[in-house]
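Colleague: Here is what each chain is made of, one letter per residue.
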Amino acid sequence: MGTLYEIMEKLLPFSWIEYNFMKNALLAIIIITPLFGILGTMVVNNRMAFFSDALGHSALTGIAVGTIFGISDTNISMVLYAIIFALLLNFIKRRKTLSTDTVISVFSSFSMAIGLMILSRGGNFSRYSSLLLGDILSITVREIGLLCIIFLITLAYWFLSFNRLHSVGVNVSLARSKNIKSSLMEDSFSILIALIVMLSIKWIGILIINALLILPAAASRNIASNMREYHLFSVLIAIFSGINGLILSYYMGTATGPTVVIIAAILFFITLFLNPTKSK
Amino acid sequence: MLAKKNTNHKTNNHNTYNHENDAACGLHCIKINDISVKAGEQVIIDKVDLHIHCGKVTAIIGRNGAGKTTLIKAILGEIKHSGHIEFMDLKDKTMGNLKIGYVPQYVNIEKNTPMSVYDLFAGYVSNTPVFFKKSKKIYEFIKEQLSTFDAGDLIDKRACDLSGGELQRVLLAIAITPIPNLLLLDEPASGIDRNGMELFYNNIQKLKDNYDLAMIVISHDFEFVRKYADHVILLDKTILKEGSFEEVRQCEDFKKVFGGRLDGYSI
Chain A
3 MGTLYEIMEK
13 LLPFSWIEYN
23 FMKNALLAII
33 IITPLFGILG
43 TMVVNNRMAF
53 FSDALGHSAL
63 TGIAVGTIFG
73 ISDTNISMVL
83 YAIIFALLLN
93 FIKRRKTLST
103 DTVISVFSSF
113 SMAIGLMILS
123 RGGNFSRYSS
133 LLLGDILSIT
143 VREIGLLCII
153 FLITLAYWFL
163 SFNRLHSVGV
173 NVSLARSKNI
183 KSSLMEDSFS
193 ILIALIVMLS
203 IKWIGILIIN
213 ALLILPAAAS
223 RNIASNMREY
233 HLFSVLIAIF
243 SGINGLILSY
253 YMGTATGPTV
263 VIIAAILFFI
273 TLFLNPTKSK
Chain B
4 MLAKKNTNHK
14 TNNHNTYNHE
24 NDAACGLHCI
34 KINDISVKAG
44 EQVIIDKVDL
54 HIHCGKVTAI
64 IGRNGAGKTT
74 LIKAILGEIK
84 HSGHIEFMDL
94 KDKTMGNLKI
104 GYVPQYVNIE
114 KNTPMSVYDL
124 FAGYVSNTPV
134 FFKKSKKIYE
144 FIKEQLSTFD
154 AGDLIDKRAC
164 DLSGGELQRV
174 LLAIAITPIP
184 NLLLLDEPAS
194 GIDRNGMELF
204 YNNIQKLKDN
214 YDLAMIVISH
224 DFEFVRKYAD
234 HVILLDKTIL
244 KEGSFEEVRQ
254 CEDFKKVFGG
264 RLDGYSI
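Taken in sequence, the protein lines are chains A and B. Position in the first sequence counted from 1, then plus 2, gives you my numbering. Position in the second sequence counted from 1, then plus 3, gives you my numbering.
Ranges of calculated distance between the beta carbons of each label pair, as one might list FRET restraints:
id, chain 1, residue 1, chain 2, residue 2, range
1, A, T5, B, G167, 57 to 63 Å
2, A, R129, B, G68, 52 to 58 Å
3, B, G86, A, F127, 54 to 60 Å
4, A, A158, B, N111, 27 to 33 Å
5, A, I70, B, D159, 54 to 60 Å
6, A, I151, B, R66, 53 to 59 Å
Since the hints were derived computationally from the structure, they do not count as laboratory data. Note that CB positions come from ideal geometry on N, CA and C, so glycine has one too.
Using the sequences provided together with the hints, build the complete structure.
Modeller: In structure tokens:
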């Protein structure tokens, strides 16, 4: 780690890089943002924006349920809860008795209310309010390592299953006629989103994590005309917003998460304006 | 995965068994036995039996809500159903693995979706992740498959910019790559303009002439049914009447369901 710090100081002759917490934050941003850029493409394509939003909100409930069962590591309780929550949502969605957004809305509010009720017991909720905004400056080296592992898992998953996932997003019946296991693809993708959202929520914040997932992909859609451009632009926009958001927040003394999101949102509006097909 | 067209040599092998078209050997038969679908207490499909040979077009007609799409989805295995489907090779009496191709009624591709026709197609036939790189070999292969239906030059267009007829042709090309034993088409003519329709009918004829497959088509277009269907099924939960179009047209149930609708057609 020491050598990595030295390299960063040599490469980046700025005053902010002298602090180790800024170096860690920068490393974390460099890992998290491309991950979100990649995943976002399919979240947007498969119309799962609302789903991932609900998933992010379930983090509090995960922590709450964890405290009841005496799980001290909040990462474990959040991830476990989010995976169960995601699979449950998928299961109910497939029964097609209610429309998808209604199902998500009902379960998301119910789950969040449970979490808030448990955590607010005895007036202790303020202990958890940092989760709402997130704090990337407090990330430790060990946690960066964890993000690295997730990054590799995501890449492997993307290379092995992207085509099938993409086909399921186009049309489920058509995918099934090609022997693609649509439920398996949906579930595995949901689990992956749950894993990543939960492990980065402490640094990004519950309130804005979904924006970071959706905005780069949404901006990329405005200018891309095929899957390769879509991914490339989405990842570039995510990294650009992440790094500049971090630096800007340092100089302006603002929270990092919202600053990153604002830059991504501005990029979205610029690309919307650039949209080459709009003129048709 | 890359099943090349192999109909030509098949044709030669089976010349002796020739029916009315060259490619279909007529020796593959698909038996759909006793299919029923229930949603809770409600019966949607009630004991449907179908017997289909390769090289034949079977048209399913019926009122809206008669269960036509449900039957197709049951055959696809997407909807829970009772009964079973057998695929038999009459030549050596072996049971084969039925490969099904499917053309959906419509595919909802949102505006602005950054997906070219290549991306759409490669998702089904290639293992190279489409976000990663465009494989030259697969690009050529897809182009060739698309040109079967005069859609070769659509390959670099965005799928969301295609007209209904163009998308239909792309979906048709996807459905027959690799070549299935049974091709299911769910109201393939909806959302196509008059010109596209002509082209689409030609393509169905092309499939009949050149491929060794059976087709089930849901259609509201009696002109199409009369011209191309070998066998017509009038469905309302169960099979009310089957036979040639003329036979079905004469029956009471047909008149009850469609009434005066036939007047517009010059039959």
